[in-house]
Structures are given as structure tokens and as C-alpha cells.
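Visitor: Okay, here's what each chain looks like letter by letter:
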Amino acid sequence: MVESVIERITRGHFWDFHGGIHPPEQKMLTASKPIKQLALPKQLIIPLQQHIGREGDLLVKIGDKVLKGQALTLSTNPMVVPIHAPTSGTISAIKMSVIAHPSGLSQLCVFLDVDGEDTWRKKTVCADIEQLSNSEIIEKIADAGIAGMGGAGFPTHIKVNSKTDINFLIINGAECEPYITADDLLMMEQSNAIVDGIKILDKLLTPNFILIAIEDNKPKAIKALQQATAAIEKIKVCVVPTKYPAGGEKQLIQILTGQEVPSGRLPIHTGIVMQNIATCFAINDAVRHDIPLIRRVVTVTGQALNKPQNVWALLGTPINFLLKQCDVQAIENEQQPVIMGGPMMGFSVSSELVPIVKTSNCILVPSKTEMPSAFEKESKEVECIRCGQCSDVCPSQLLPQELQWSAKAKDYPQLEKLNLSDCIDCGACAYVCPSQIPLVHYYRIAKAEIRQQQQLDLKAEKAKTRFEARNLRLEKEKTARQEKHKKAAAARKAAMNIATPEATGAKSAVAAALARVKAKKAAQSQSQSQASTAEAQKNLAQSNELATEATNPVDEQKTEVAAAIARAKAKRILKQEAANKPISSNEGVKQTVTAQLEVSQPPSNDDKKAIIAAAIAKAKAKKLSKAADAVKSVNLAESTAAEKAVNLTDKKAKIAAAIAKAKSKALAKKANQETPITTAEDIHLEKIKAVRVESKDESDSKANAAADKKIRISAAIAKAKAKKKLKEARNLAGTVKNNDQDSG
Amino acid sequence: MTDYLLLLVGTVLVNNFVLVQFLGLCPFMGVSSRTETAIGMSFATIFVMTLASLLSYLVTTYLLVPLDLEYLTTMSFILVIAVVVQFTEMVVHKTSASLYRLLGIFLPLITTNCAVLGVALLNLRQQHSFFESIIYGFGASLGFSLVLIMFSAMREKLANADVPAPFKGTAIAMITAGLMSLAFLGFTGLVKI
Amino acid sequence: MNILLAILVLGSIAAIFGALLGYASVRFKVDADPIVEQLDDLLPQTQCGQCGYPGCKPYAQAVADGEAINKCAPGGEDTIKKIADLMGVEVQPLDESHVQGDTTASNRPKVAFIIEEDCIGCTKCIQACPVDAIIGAAKQMHTIIIDECTGCDLCVAPCPVDCIEMRELPDTIHNWQWDLTSIPVKQLD
Amino acid sequence: MAFWIASSPHNHNQTKTPNLMRLVIYATLPGILAQWYFFGWGNLIHIGIAMITALVCEFTVLSLRKKPIAHELLDGSALLTALLLGICLPALAPWWISVIGTIFAIVIVKQLYGGLGHNPFNPAMAGYVMLLVSFPLQMTLWQPPLSLVAVDLNFTNTLTTILTGFTVEGYSVEQVRNTLDGITMATPLDTLKTNINQGLTVLESLNNPVFGDNFALGWEWINAGFLLGGLFLIFKKAIAWQTPVSFLISLFICSFIGYSMSPDSSASTMFHWFSGATMLGAFFILTDPVTGATSTKGRIIVGLLAGLLVYLIRTAGGYPDGIAFAILLCNMSAPLIDQYTRPRTYGHLKGDK
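Protein chains in written order, with the UniProt record's numbering: chain A, 1 to 744; chain B, 1 to 193; chain C, 1 to 189; chain D, 1 to 353.
Hints were generated in silico from the structure; no laboratory data involved.
By construction, the Cβ of each residue, glycine as well, lies at the ideal position given by its N, Cα and C atoms.
Zero decoy hints are in this set.
If you want a taste of the chain D side facing chain B, the calculated C-beta under 7 Å gives, among others: (1) G114; (2) F121; (3) V133; (4) M332; (5) P335; (6) L336; (7) Q339.
Construct all of the structure, not just a fragment, from the sequences and the given hints.
Guide: Laid out in C-alpha cells, this is it:
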């Protein structure tokens, strides 16, 4: 199979992909002029994210002076690609700015005021790459911030770090989009550097064959690369017929190997890796010369420019600078489309401040005569007549018109059935549509909505499980509570049976309980101890009255007896409370005052326990939060060095929290207050992990250690306290029970 | 053999139950909004109609005629059809729960599909033999299925059409059915029965 | 005599068929399909309770038992249509009496937001949240886990100091819907 | 200078639907010229009437629906429908035939479905079939080729016949249709069918002057004209070649089988190709993208089916020519065929949809 593929290629026979179009190429505008070196712009706008993946962590702050090639962000994750200062200067701002995205939305960008000196940071040039191990090379590629420069911007170091056997390494120099000649010129001028880059890739991936695919409309580039690779057996320069979109990854693979990449999979699964020409050049720069990805060739073209040509643009150069360099003809009262990328798949930009990023290969400023459809204010869309020209040109063999009907009807299941996800947005269908339907636009909207729907479904699924978990928990708590109530009721019943039979009516017992409650409430406040005694006496009188009312008025003697008993009980309670008072006030001092004071539930056995548990938890939570604050400050101050330490404290905090949780659980036995307790712990965990960043003091690593210690201490304290509390609570429960029995 | 073939072609195309004789319009309009449903309904109807014409032939020939009870024809046919439909419903429910749900009320409503009773009564009137009855029933249901499936595919296409509001839904479906009927007139005289 | 014969014949046919069907119903017995699960899958799982049931699952159960299908405000007409398809009933317009809050404003997804300076830490919203998306403790400031919030706005009403409001999620390049008309165009001189 | 936002692709090959329609209209010219040469002014007058009616109908419906009138009125689709209907009508049919036919075609078959692009049936053919079924008498008022007609059918005579039923000199339609020999004429297909039914062999019936020297006097040249126009359209890539080719092959095979089985009662293959509306149907009506199948495979299947149906209806059916019916039946089955002939998408295995 492999042999026959190579045989065919050496004979110059290729496969064909379905469909495809031949739009006017217009490459002659720029193909004959060399790549121009530009003067430095005044300011560069460097978006933090220029690739697929996530933003890196900022390493610089406003006012910092940076040198050319210095890293501005740090990669902490394989999907994060760092960015570098394209030249030396001062960071003047770090703020949201319009980025190179069709939406015209803003993202965080570093504004670099250029000092004009262009001073390099220290470079370590590598003389012999043979001395480097593969992992060292990959690290260099990752550190240089290289992401696929053909359009998608997939991090290159992931793509070249493949474990599977690679059959073909395909170097994509097809550049099928009209107008664009950036790769063409690069191949003409830098063919040796590109081949050196390919050699590095060869070392990393060890493919069986390396195919360089170039469309047959670039004779000079073909010649240059053929000369540069003449000595290397493994590399084959493949001259493929010109047809849009031959440069699409899947299409090029089909042309060269006749294989199709299965839907939903990557080429690497079929043993194929594809790299862009410009990426190869950048890899060579990064590995051999320690030059990170800070510049690229950009084709600035279109008939609205007087001097269209390819330029070496620093990343972050705003397009208005480029347009001025190429002498744009401003048309009065005319809305001029400025397209980043080619005419088929590029997007129009909304602001002159949009910067060049790693994936921008072309700035196209067409004149009205050459591209009238780009100027149309209103869509000239008419109804589809099912002529089928779109399906004839679709490189994915989809049915664009049926997709269009379904997209308009928002019939997403049908769209998925028609394999909308296999659409590569090449725009061939919309290009040929006689009804001028913006087909690709419909698909994009539908794709975005399908994606969002999937996310919503995922979210709904999560919400469902969370809701069910919550319900389960509430249910458990409820049954637990009921169980306890049952037990308590049984205990009361038993107590009543033991107590003197007809001494107290039920009502007097209630009255007594009421009195008890009030007395207790009064007694709890330390500062009002005097008043509370008085109040308790008042309560005594009240309970007396109540008791009087309660008992049968016919038998006065009995009433009196009952009242006396009630009074006696109340007195005893009062004494008891007085005895309890110091303990509780002590508690109040030890714990946070707020925690105790707000508790005002009737002190039944269970509730009391719960209150205590809540108090403990709260106190602990506070301590934890203090610790957390410390951690936060540390985190800010020493972001790199302290990271491991933070992780440590994080762990400790977690352990402490877990202990506290376990204890409070044991204590509270899922009483009412459990919900806030657990969530209280959650909040602090959450905070420790990562929340808002606002800190005033910059403590050093000692503070970190201190925080660590603090947490441990607080955990220990909490443990001790919990033990004490437990004891007390048991005692208290015992006395209360005794009281009950007595009163009964 | 040729006769049977002609009878089949005649019932499927020339005297199509739906588009020429206008029988069974209720499920024709009701379950034609999706092709999947229409195919399911077609199989159910083919099964019911073939079995019903067979059973009704047996009931007439061996029960009602010997006992001189021809006036009970309609009643006993209804009984036969109801049983066959009920049976079909159970089978469908067992074999394909999703189809069962898709067909919904129209599955038991095959009972009231006038094409089913029609085929039984027409068999009687045209004095078909046993095999002719079966072929007639099969052909009628085949014709029904053919146009039902075609119609459903058209309606799926129509779902995206920009139909004026007053004609949306059933109205435009009826117009489409009328145009289909017009097209089927082309088969007139194809088979002389 | 004739009538008797007729009755006899019809009766015997009916009896035979009846027996046949009886056998068939045993032979082709189908267990009840788990309709509640399917309904629950169709519902948006905001657990908002606007339908009058404490969550989506209970409402799914209720619909399976014959409750009206048009009470799910967050799901809107799409959901009603899907339920109608599943249940084999007519599509009904959304029951407006079950719509709380201002649904006309926009269809953009919203999440709850706690104005943290105003929060007094009463935990009432925590108890109201059906998906435990609010964290905080008594006397502590609360906050919303945005990723978990379903936008049901059940926490808005219980807040005694009105410090919770529903805010639209901001547009990012990740959730942008290709609405080209919304792009602000800047002038280039 | 201000920025202008648009979605990609920003380029377009600048083809337009109205241009496509206009191209198809031009391509009918050779056929129409042949028709005019052999049958006089009748069809041209009908085309004119139909076109005016079509524009009026479109205007009315579009204004009722508050759609952009100028835009859609001039897209050429209504004119094309009227043109095709006018070509198909018998030359001497009364004027209201084309008016009713066009109203039916435009209002009911096209606009009720939402206008261009939405109609599942070809409007011209649906209109024709409706007329054929509803007004069988008027729709068989075929006129013999001019060379066989006794009356001098100049423009005014034809016009008055169409408008009033009588020529200027006062001949009725029936009289006009009589040939020099005093025989009422029918189309060659009609004549052949009647003769075969009467037990005559094909060879015997070919003696009838209506068949001329080759297969069908006049008709063969009209068909040749439409064939020419069709080839032009295929050359310009305005229509897909699959449908007409597979249709003609299918018709050829069917008629060849029939002819070789019983040469006496079957017309030759070339007679089928060059009589009736075969070429018009093959290149101008079956290829209507709106009502046909969209995939390549689907187009071939539709063509084959149409060929079979045309042959069946011509030889065994009750109507002399089956093109219109066959096309409507194909329109009916096209959506179903489309559903089952979807091409395999890149990266998907066969059968894995």
C-alpha cells in the first residue's frame, strides 16, 4: 500500500477529491515581490491567546521593560502556548482589546510600547541539534510558543509529540486560497531553513516518508524546494493540481495518499501528520537559533492597495500599520471590507487595531470591482432552486442545499444526520450558489447552536444529578430527624411513666417547659446575668400563674400543690442554669461571640447538640478563612516559588476541613444545621483553591510557612475544642434529661 | 399467472386505493409527516389488509354463505378487522416500542381505515377467488404504502417550504395529494380489468 | 331460529377471536415503558419549580400521570412540542400562569448574581437553591457557582435584602453565535 | 473609510438564478422555431397569452404575500413555466385554455407552495395534466402540420381561431383541422395508438400522411430543435446531463424491447425519441432542478423511471403521450429517491450515515 502510494507520487499521479472550485487566483499581485522588512511600529497589541487552547499566566505587569523574545506568559498546561515580546519596549497596558476573531469581541491583550532599540534577550544558539534529545527539542518548541500557522493554531508541540507510528509527514505548501502568497514567498526565499525545520520534524516523528505538497501554480517555490531537498531520499516534493480547497488538511491527505481521515478522528490516527510550511520555518528558528515565534510572513494584498506585497510582520502589529505601509487607497463614504485570511475562509475585521497573530497569513483589502460580493450591503439571497451545484463542489460530499433547508428550519437532529459536523467551512458551496445563499454562514450559526445545545444538555445533566443528590440528602436528613424525634418522644414517655403519677397535668408540664425555656434564654447572656436572675424570677411567677390556670379550678388544693411543685421546679431550673452559665459564657469568649449569640432555638436535647456543633463549625470556619487569606496573599506574592507550598497548605487545609467535617457530623448527627455547615466548609475550600485576587501585604515564603502552621494549630484547637464540647454537651444533655425526669 | 400480475399492477397503480378510489385518506393524511412513521404504518397496513381479506374470504365462503347469513357480512368483517388490528398492535408494541409510540393513535385506528373494510367488501362484490382475494388485499395495501411513503417524503420536503400561512399544514398536504391523484390518472387504461 | 343462528355464529367467531387475542396478549406482553425517565430527559433540568412541582423529575412524573404538558416555562415551546410528541397529545401553548419573572426580555441564558456588599449571610438562598449552586455560611457572604447555576431565579425571592439579581452571561468568543449584525464597526481614518 | 463586516466566503462566481432561467428560455428557441415553421403561429400565440397571465398571477400573489415583487417577478421562472406550457398546448386550443392552465400552474402549483424553489411538482406539467383531464376535447384540438392543412393558417387566422373558434373566413376549428383529404388529424402518437387498437400494424399506419417521410412530420424537427437546445444547455452546464441521458436510454431500451418482441404493434425506438414531447421533456422539464432529484444517482434513477413510465403510458395507457404524467410521477418520487441516494460523506464508511 505504502509502496504503491509512493510509486504513484513519484510518477506524479495523485488522487482527486470530490468537488472543488477554481476561483480567480490573483496571486500575481504579490507573488513576484520579495518579502519586505518593515520598520518597527509604535505600539504592539499582543493577545494572550493566539491559538486553540487557553491563555497562559501573565509574567509581566504594567510598566515592565521587556526585551525582544522575552516570554510574556507562562505555560502551565500542554494546551497553553506562551507568547513573547516581539521587540523590546515597555508594557503600557494590559487590557481588553479587539482581537483577530470574526466576532470582533475583545480579549485580554498586552500593549507594548516599542522603544525602537530591538534589543534581544540572551540567546543560546544550538549548534548541533543531534546533541539534543527529542524531549529537549519538544520543550524548545513549546517554549517558543509555536502553534500551527496555517490557520487553526493547534499547539505544535502536542502535534509533534506523537507516540504512534507515523507513516507520512506531509508538509502543506499547497496554499490553495486565492491571493495568499505568504508560504509561496517563504518557500522561495527560505527553502533551506524550511528543509532544516523539516529535518527536525523528521527526527521527532521518524515518519516513513515526508511529502511536501505544493500546488502547481507556484513553479519557483517548487524549484527552490526541489533543489533544497535533492540530496534527501526520504523527502518528496509533490506538485499537486491547483484546485480549491486542496490545502485543506483532509483534502490534501486524500490527494496525496488516497486515504480518508475517518469522521471525528485526527489524521494522526491514520499515521499521518501534517505541518504548515511557516510552522517548519518557525521550528527551525526556535530549535536552532532560539528565536521564539514573534514574527511571520503576512500577505498584504488586494486591489485597494497601491503596493500590495508580503511583509515580515511582528506579531501584535495592528493592521492599520500594515495597511499604511502598503499604501491603502481610502475611498470616501464607502464601507471597505478588510479581510484577515483569504477571500474564501477569511473573516472581515471590525477594527483597525486588530493585531496580527500567529495564525494570520493574509490581510486582503479588495476593491469593489474585483470582489463586488464582499461589498454588498444587503444579501442578494433568493430561494434555493435545488440546482445541486453546491453538492457538486462540496469537498466533503455533503448536501449543502439540504443542510441549508434544515439549518433554516433549525432541525438539528436532521443536520447531524446530514453530517454537518464534517463541513470544513471552505465556502465552495456559497461561492457557486446561483441563488447567492450565504450557505456557510447558515452552517456556522447552526454549528454554534448545536454546540451550545450540547453544552446545555451537559449542564442539564449535571443539574439533574445535583438536584437528585440534594433531594437524597434532604430525604436522609428528614428521616434522621424523624428518627430522633421518635426517640426523644419515647424517652419522654418513659420519663413520664416513671414520674409521680397525678402530680402534674400535661399542661403544667408544658408551662414548666416554657418557663425553663425562658429561664434558659435569660441565663445564656453573660452580661445580663443580674437581669436574667430577675427575669427568671419573673418567669417563675409567670409559670406559677400558668400552672394555676392550667389546673382544674374546682380542686384548689391540688392546684396549689401543682403550683408549688412547678415553682420548685422552676427554682431548681434557675439554679441549674446559673451553674451552666459560666460554662456557656466561657464558650462565648473562646468561640466567636457571634456564633453563640444568635442561637435562639428551644434547647431540646438534639437541638442543643446541633447548636454546639454549629458553633464549633463556625468558629473553625473562621479560623480556616483566616488561614485561607494568608494562603491567598502568599499565592499572589510568590506565584512561582510558592506554588508547591500553596499546594501543601491547600492539602493541609483540606485535611483540617475534613477532620472538622467528620467531627461536626458525629456531633450533629445530621441535625438541621448541617447544610450551612458543609457549605461553610465548601466556601473556604473554594477560596483556597482560587478566588478573587485582592491582597494588600506581600508576605514571603515565611508567611506561607506561618500560614501552614496556623492551619495546623487551628485544626488542633478545633479538635481539642470539639472534644471538650462533646464532653460538655454530654454532661449538659445528662443534666437536662435529669431535669426532665425530675419534673416528670 | 399473468392474470394475477395484472390484478396486482391494476390495484397498485391503476385503481390505487388512495389516489384513485379515495379510500384510507385518514391515515394517509395522519401518519405521513415523517417517512419513518409512514414506513412503519405501511408494514402494519400491508399485514392487516392482506390478513383481513384472507380471513374475510374464509368467513364469507365457509360460514356466512353456507349458513345463508350474508346479511351479517359487514358486521363479521368488522369483527375480523378489529381482531387483526388488535393483534397487529400487540405485535408492533412488542417488536418496536418506538414505532408504537410514533404511530400512536393511528395504529388502533387502522380498524377504522375504510380501505381495510373496502378491500374486504370489494373482494366480495368482484367475486374474487381465494388467491385473488389475497392478491387484491395485498395489492391494495401495497398501493396504499407506495403513495403513503412517497407522500411522506414529499411532506418532509414541504416542511421547509415557505407556504402561505392559511395553507400551512394539512391544507397544502391536501393540495399535494390532489396533484398526486392527478398524476396517477396517467395510469388510466394501463390495465384493463 | 335464523336470529339464533346468527347470534350463535357471531358469538362463536367472537369467542374464537377473543381466545386468540387473549393468547396473544400473554404472548406479546410488554412491560410498561419508562416514560417518566424519557420525560425527565426532555425537561430542561433547571429545577426551577415554576411548574408547581419541586423539580423536573416530579413534574415528569406528574405529566406521565396526566398533568398538563404546558407548564414548563424555561423549556418553552420546544419542550412542550417534544413532550407532546412523546405523549402523543396535541401541542398546547405555554401556560402563562406558570411563568415567573420577565421572560420576554431576552432568551439569553442568565445566572444569578449576588451583590456581595449587600449580602447579610442569611443562608435563605442556599436553602432555596435546587442544585446547591450557592455557597456560604450564616453571617458569611454567599456566592454563586456560575457553572452550576441553572438560572431558575428561585433564590431571588427569598433574599431579604434583595441582593440577588439575574444577570446575562457575557458574550465570549466561545459562546458567540455568529451574529454579524451585533459587531460594532469602528471607523478607520 | 469604514469597515464592512460580512461572512466568508467573500468571493462569488457571480452566477445568478435569473441568468440561468434566461439561458433555459433562449435554449428553447430552436424548438420553438421548428414548431412555428411546421405548425404556424398557434403555439406562439399561446405562449404569449400564457406569459402575460403568468406575470399577472405572479404579481397578484406576490403583492398579496407582500414579497419583493420586482425581484421575484423578473427572475424568469414564471416566464419559463408559461413558455413550457405554451409549447405543449394544441395550437388551435381556445385562449382560455392557456389562461386557466397558467393560473393553475402559477398560483396553485407554484405560489401556494411558497414560490420558486418550493414547488414539488413542475408547474407547467401539472397545469398541462390538469387541462388534459378537465378539458379533453379542447386539449385534443391538434392541428396538422401546415403543409397538410387546407385553410391558410396565417397569423390573423390563427389568432381569431384561438380567440373565437373561427378563422377570419369563418371556418370552424373542426374544419381547420381537416386535411386536404378531408380527414381530421391527430398527433402521430395518437394516430398510431388508435390504429394499433384498431388492429392495424405499425407499417400500415405509417402510410398516414401525418407521419411524413421519417417518423412524424414536423414533430421530428421540433424534437431535433429541442435536442439542440438541450445539448447547448448541457454544454453551458446549466442542466445536469444525467437526467436526460438516462431518460433517453431508458426509453430507448424499453421501446427496443417492445419493438423486438412484436415489431408489428410497436413503434420503433426512434419514433419514440422524435415524436411527442420527448426531447422537450428530457432536456427542459425533467431537468427542472426544483422538482427533480438532487444527487447524481438520484437523477439517473429519475431518468430511468421516467423513460419506463413514458413508454408504459404511450403503449398501454389511456393517453397518447405520457411525458407530462411521467414527469409528475417522477416529481412525486423524487424526494423519496433523494432520501435513499444520499452520497457517502468524506470520512464516513458506506452505509454509515
